[in-house]
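Starting from the given sequences, assemble the full structure and let the hints guide the process.
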Amino acid sequence: MLKEELKRRTEVVIIGGGIAGCSLAYCLAKRGITDVVLVERKELASESSGANFASVMCTMIPLRPALLPLYSRSLDAFPKLSEELGRDIGYKTPRLNALTEEAYEAGEKYVKQFEELGFGNGFRMLAKNEINGMEPNMVLAPHGILDLRGGQVNPLYYTTALGDKARELGVKVYENTEVVGIRCEKGHVRLIATDRGEIESTYVVNACGAWAPRIGAMVGLRIPIETLKCQVVVSEKLTETYVHSGSITPISYLLADMDQSEGRMHCFGLYKQLKKGELLIGITEEPGNDKWVTFEAMEALARKAIKIIPKIKDQNVHIISSYANLYAVTPDRHAILGPVDGLQGFIMNCGYNDYGIGTGYGAAEFLAEMILNDEKSFPIEELRFSRFSSYH
Amino acid sequence: MRDQTAKDEASAIVICRCEEITRGEIVDAIRRGARSIAAVKRRTSAGMGLCHGRTCTRLIAEILREEVGIPMEELKPATVRPPVRPILVSAFEEEG
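Order-wise, the sequence lines are chains A and B.
Going left to right, the first sequence walks through residues 5 to 396 as this note's numbering numbers them.
Going left to right, the second sequence walks through residues 8 to 103 as this note's numbering numbers them.
Do not rely on the hints blindly, as some may be mistaken.
When the alpha-carbon atoms are kept at most 30 Å apart in a straight line, the in silico BS3-like pairs for lysine-lysine are as follows [to be verified]:
#, chain 1, residue 1, chain 2, residue 2
1, A, Lys116, A, Lys84
2, A, Lys280, B, Lys83
3, B, Lys83, A, Lys11
4, A, Lys34, A, Lys176
5, B, Lys14, A, Lys280
6, A, Lys241, B, Lys83
7, A, Lys34, A, Lys11
8, B, Lys14, A, Lys279
9, A, Lys176, A, Lys380
10, A, Lys34, A, Lys7
11, A, Lys46, A, Lys241
12, A, Lys295, A, Lys280
13, A, Lys176, B, Lys83
14, A, Lys132, A, Lys113
15, A, Lys380, A, Lys317
16, A, Lys280, A, Lys241
17, B, Lys14, A, Lys46
18, A, Lys280, A, Lys317
19, A, Lys311, A, Lys241
20, A, Lys46, A, Lys11
21, B, Lys83, A, Lys190
22, A, Lys84, A, Lys241
23, A, Lys279, A, Lys241
24, A, Lys176, A, Lys241
25, A, Lys113, A, Lys311
26, B, Lys14, A, Lys295
27, A, Lys11, A, Lys311
28, A, Lys113, A, Lys295
29, A, Lys295, B, Lys83
30, A, Lys34, A, Lys279
Reference listing, derived: stretches of chain A covered by chain B, where coverage requires no fewer than 3 residues with Cβ under 8 Å from a Cβ of chain B [unchecked claim]:
#, segment
31, 236-249
32, 314-328
Simulated from the structure, these hints should not be mistaken for laboratory data.
Yeah, the Cβ is synthetic: ideal placement off N, Cα and C, and Gly gets one too.
Dropping the structure here:
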């Protein structure tokens, strides 16, 4: 098939067609900036944005308050996005975090922290055993936190809808196009070289998730992102509702970090039922950079799921699919956003760890406003690349 | 008038039985920007169900050829994910 001729010069080049890149393309186009090119090595939503647990959650926010503005702006957008994009993005609330007796106090403290951050109305502690009434098919710890606006989206529909809408508004989207180099001059980015030709640009955005370090290396930056492999299995479609809430953690690892100290696979219970009826049974995490689903992971996930949702065994539910993806993990678990000191025009939009789907849109709004107003810094200091001063 | 009826009828034909995706939905995904079987799958879920696209893959390739002229031989099937056949959750249970 003949590929269309590349645009030779543009205002903004976004490298990466995942949730970070597609959100930014759409947020720019929505603000009237359509002289934008999005370059994707594969196709839109081909990597982690298309194969994740699709959670809209903010469990980690009291630990990392710098992320709250991103999450908050995403949550404001979710209820409106399906209509705006002309596509059902599958947003379903709420999110439940079940808590054991021992974790109850930590949970209360956690909800209080949200109140202090000005986010109190989004959360509430459940009365003892209230959670069992909400989820009669699940074996859950007796206490819980209700996250009213958290839950799920369909990450494939959501990411492609953003990219497709950006294209409709005038953004050029080049799929199957790989960036092979970036040229800089006198401390400015000037152009990107792809396997299909060169494109001059004022701004170049690195939205490459787990592959962001490769793009960084092209301009002499060492971006400290490592990968964590995550696996999920999928059930057949069920006509009955097994899981009512948008997303559930049956025993919360509240205020615990996702550090993988032992370097082996961990299996966390995380469940949801998609609108079409299939159950997503998650998740395992382990260091790794391949996307093969292992028997070991399937087994661990299925065994845990039978304990939490016994009905899936009694009703002879089948597993029909599975997938793996790679989180882009940063040393401090914060995303890397905004300009880079000493290299004008180069913008970071990467390092989302396990919360890209829930926060990527909010981040894109901040970045789009920054580009629109020609600002030279990102408003949230903790998320700037300059925090890794030793990596220049 | 008759043409329109024929068109509507064609749009309503179910292409992916497992996920109940119609021809109309697939054409819509192509008009939004899908240019491969995997790209159609991401936008519609066609081929994601029980049979992993055994029947609909070829039909979707046909629609892509009709709509945007991509030759069938250039269209690779989407990734097939394990398990190849549906497996009971209980098959993974510990014995004893």
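Structure-based check of each hint:
1. A:Lys116 x A:Lys84: holds, 28 Å
2. A:Lys280 x B:Lys83: holds, 26 Å
3. B:Lys83 x A:Lys11: Within the cut-off at roughly 27 Å; holds.
4. A:Lys34 x A:Lys176: holds, 14 Å
5. B:Lys14 x A:Lys280: Roughly 27 Å between the alpha carbons, so the hint for lysine 14 of chain B and lysine 280 of chain A holds.
6. A:Lys241 x B:Lys83: holds, 26 Å
7. A:Lys34 x A:Lys11: holds, 20 Å
8. B:Lys14 x A:Lys279: Holds. Lysine 14 of chain B to lysine 279 of chain A sits at ~29 Å (cutoff 30 Å).
9. A:Lys176 x A:Lys380: holds, 25 Å
10. A:Lys34 x A:Lys7: holds, 26 Å
11. A:Lys46 x A:Lys241: holds, 29 Å
12. A:Lys295 x A:Lys280: Within the cut-off at roughly 25 Å; holds.
13. A:Lys176 x B:Lys83: holds, 24 Å
14. A:Lys132 x A:Lys113: holds, 17 Å
15. A:Lys380 x A:Lys317: Violated, at about 56 Å.
16. A:Lys280 x A:Lys241: Answer holds: lysine 280 of chain A to lysine 241 of chain A is near 7 Å, not above 30 Å.
17. B:Lys14 x A:Lys46: violated, 33 Å
18. A:Lys280 x A:Lys317: holds, 20 Å
19. A:Lys311 x A:Lys241: Holds: lysine 311 of chain A and lysine 241 of chain A sit about 20 Å apart, inside 30 Å.
20. A:Lys46 x A:Lys11: Cα-Cα ~19 Å, so holds.
21. B:Lys83 x A:Lys190: violated, 44 Å
22. A:Lys84 x A:Lys241: Measuring from Cα to Cα gives roughly 27 Å; hence the hint holds.
23. A:Lys279 x A:Lys241: Since the Cα atoms of lysine 279 of chain A and lysine 241 of chain A sit roughly 10 Å apart, the hinted pair holds (cutoff 30 Å).
24. A:Lys176 x A:Lys241: Since the Cα atoms of lysine 176 of chain A and lysine 241 of chain A sit roughly 36 Å apart, the hinted pair is violated (cutoff 30 Å).
25. A:Lys113 x A:Lys311: Given that 30 Å is the threshold and the Cα spacing comes to 29 Å, the pair holds.
26. B:Lys14 x A:Lys295: violated, 41 Å
27. A:Lys11 x A:Lys311: violated, 55 Å
28. A:Lys113 x A:Lys295: Roughly 37 Å separates the two Cα atoms, so the pair is violated.
29. A:Lys295 x B:Lys83: holds, 19 Å
30. A:Lys34 x A:Lys279: Status holds; Cα separation ~28 Å.
31. 236-249: holds (count 3)
32. 314-328: holds (count 10)
Consistency with the previously given hints fails for numbers 15, 17, 21, 24, 26, 27 and 28, ordered from lowest to highest.
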